[in-house]
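Novice: Sequence:
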Amino acid sequence: MTRSARLLTLLIAVVLLGAVGTGAVLYAADRSGRRDQEQAGGPPVHPGTVTLKPTGRQLVVRNLAWGPHRDELATVPADRPDGPRTVSGEKCLRFHAAAGTGICLQAEHGALEDTYQAVVLDDRLHELHRFPAAGIPTRARVSPSGHLVAWTVFVSGDSYAGTDFSTRTAIVDTRDWRFEDNLETFALIKDGHPYRASDANIWGVTFADDNRFYATVATGGQTYLVQGDLAARTLTTLHQNVECPSLSPDGTRIAYKKRVAGASPDAPWRLYVLDLATMTETATAEQRNIDDQALWADDHTLVYAMPGDYGSDLWTTPADGSGAPARLMTSAVAPAYLG
1 MTRSARLLTL LIAVVLLGAV GTGAVLYAAD RSGRRDQEQA GGPPVHPGTV TLKPTGRQLV
61 VRNLAWGPHR DELATVPADR PDGPRTVSGE KCLRFHAAAG TGICLQAEHG ALEDTYQAVV
121 LDDRLHELHR FPAAGIPTRA RVSPSGHLVA WTVFVSGDSY AGTDFSTRTA IVDTRDWRFE
181 DNLETFALIK DGHPYRASDA NIWGVTFADD NRFYATVATG GQTYLVQGDL AARTLTTLHQ
241 NVECPSLSPD GTRIAYKKRV AGASPDAPWR LYVLDLATMT ETATAEQRNI DDQALWADDH
301 TLVYAMPGDY GSDLWTTPAD GSGAPARLMT SAVAPAYLG
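Residue numbering for the sequence shown is 1 to 339, as defined by our numbering.
Derived by calculation from the structure, the hints in this document are not laboratory data.
This structure is a prediction, so every number in the text was calculated from the model and none was measured.
Incorrect hints may have been included.
[As the list claims (entries may be wrong)] Straight-line Cα separation of at most 25 Å, SDA-like style, residue types lysine to any residue; simulated pairs:
| hint | residue 1 | residue 2 |
| --- | --- | --- |
| 1 | Lys91 | Thr49 |
| 2 | Lys190 | Thr252 |
| 3 | Lys190 | Ser166 |
| 4 | Lys53 | Pro77 |
| 5 | Lys258 | Tyr195 |
| 6 | Lys91 | Pro77 |
| 7 | Lys258 | Ala200 |
| 8 | Lys190 | Arg259 |
| 9 | Lys258 | Ala218 |
| 10 | Lys258 | Thr301 |
[Said to hold, decoys possible] Derived Cβ-Cβ restraints for the label pairs, each shown as a range:
| hint | residue 1 | residue 2 | range |
| --- | --- | --- | --- |
| 11 | Ala187 | Gln117 | 25 to 33 Å |
| 12 | Ala324 | Ala277 | 25 to 33 Å |
| 13 | Thr55 | Pro265 | 46 to 54 Å |
| 14 | Glu281 | Pro194 | 23 to 31 Å |
| 15 | Glu113 | Glu281 | 39 to 47 Å |
| 16 | Pro84 | Ser198 | 50 to 58 Å |
| 17 | Pro84 | His109 | 25 to 33 Å |
The beta-carbon is built from N, C-alpha and C at its ideal position, and this holds for glycine as well.
Work out the full structure: start from the sequences and follow the hints.
Specialist: What follows is the structure in structure tokens.
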């Protein structure tokens with residue numbers, strides 16, 4: 001190839017790469033701009049009154065459908081999750097609710113950087129109390145009574161998949177606003193003995209009652225299911241390789257993310273269920289990577305988020321390993337059942 005031909009080839013390559021880059025930027029800008037425009041074929045969304053003490057059983061979610069009400073809390077009848085969504089005007093990054101109490105993790109956009117807040121809501125979504133959150137919101141839970149709320153944030157890193165991250169998990173008692181701002185100050189009991197470690201991370205609280213809870217502790221390159229005692233301020237290891245636990249309504253099982261051998265380091269988890277009496281593990285029928293804290297719709301069915309066209313969709317699968325996954329809702333995340 002002559003020198004002139006090589007130069008021409010190089011010039012054509014540069015022009016093509018520039019065109020592709022420009023097209024990608026314009027596509028991303030156009031897609032971002034359309035986030036505030038309602039999309040044809042999307043779920044019907046309309047403003048209305050949202051309460052955490054509804055008449056009948058309902059499902060509340062963070063609405064991800066494109067349009068002016070994206071990121072707002074929305075409710076649908078639990079038996080018609082694909083029906084019209086009633087949106088509240090309240091925006092949350094993560095959310096959970098029980099017994100008329102809600103926890104809403106929010107971002108406050110600043111000129112130089114964002115800050116985050118954990119806002120406790122009453123049954124009419126009115127603010128009861130606001131706490132500073134130390135980082136990017138990732139998990140939230142309310143106890144069955146509504147008396148305790150918990151949240152987890154990333155304070156460095158932004159993914160559980162690797163090891164370069166740090167979390168901060170807090171619990172608040174809504175009866176007197178007693179605030180445990182970092183569960184890492186609790187005493188850790190590992191294999192029956194007191195255990196100290198500077199590398200401990202704690203995340204993913206799920207409540208049994210107003211004192212006992214479960215969570216994940218990571219230390220020494222391993223993750224553990226721990227049982228927490230709020231009054232005693234202790235965390236006791238129960239089982240290895242458990243992340244983002246979720247306690248069943250009957251209190252007998254934990255749904256969780258398990259790292260499986262041979263999976264990609266970027267997508268290492270599958271959805272399992274642990275029997276607390278026997279410590280028997282059951283793999284669910286969901287074979288895709290799960291990066292969520294699953295929710296129990298009832299004693300038999302798990303709900304969890306998977307990537308979708310507009311952020312995340314909600315899926316279900318039986319907890320006993322039977323059946324097959326099924327899409328529950330499009331463009332939704334952070335579910336909580338009410339009533």
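Novice: Hints first: check each against the structure and report whether it holds.
Specialist: Here is what the structure says about each hint:
no.: 1; hint: Lys91 - Thr49; verdict: 14 Å, holds
no.: 2; hint: Lys190 - Thr252; verdict: 22 Å, holds
no.: 3; hint: Lys190 - Ser166; verdict: 20 Å, holds
no.: 4; hint: Lys53 - Pro77; verdict: 13 Å, holds
no.: 5; hint: Lys258 - Tyr195; verdict: 23 Å, holds
no.: 6; hint: Lys91 - Pro77; verdict: 20 Å, holds
no.: 7; hint: Lys258 - Ala200; verdict: 18 Å, holds
no.: 8; hint: Lys190 - Arg259; verdict: 20 Å, holds
no.: 9; hint: Lys258 - Ala218; verdict: 13 Å, holds
no.: 10; hint: Lys258 - Thr301; verdict: 18 Å, holds
no.: 11; hint: Ala187 - Gln117: 25 to 33 Å; verdict: 29 Å, holds
no.: 12; hint: Ala324 - Ala277: 25 to 33 Å; verdict: 27 Å, holds
no.: 13; hint: Thr55 - Pro265: 46 to 54 Å; verdict: 47 Å, holds
no.: 14; hint: Glu281 - Pro194: 23 to 31 Å; verdict: 27 Å, holds
no.: 15; hint: Glu113 - Glu281: 39 to 47 Å; verdict: 41 Å, holds
no.: 16; hint: Pro84 - Ser198: 50 to 58 Å; verdict: 51 Å, holds
no.: 17; hint: Pro84 - His109: 25 to 33 Å; verdict: 30 Å, holds
Checked against the numbered hints given earlier, the structure satisfies every one of them.
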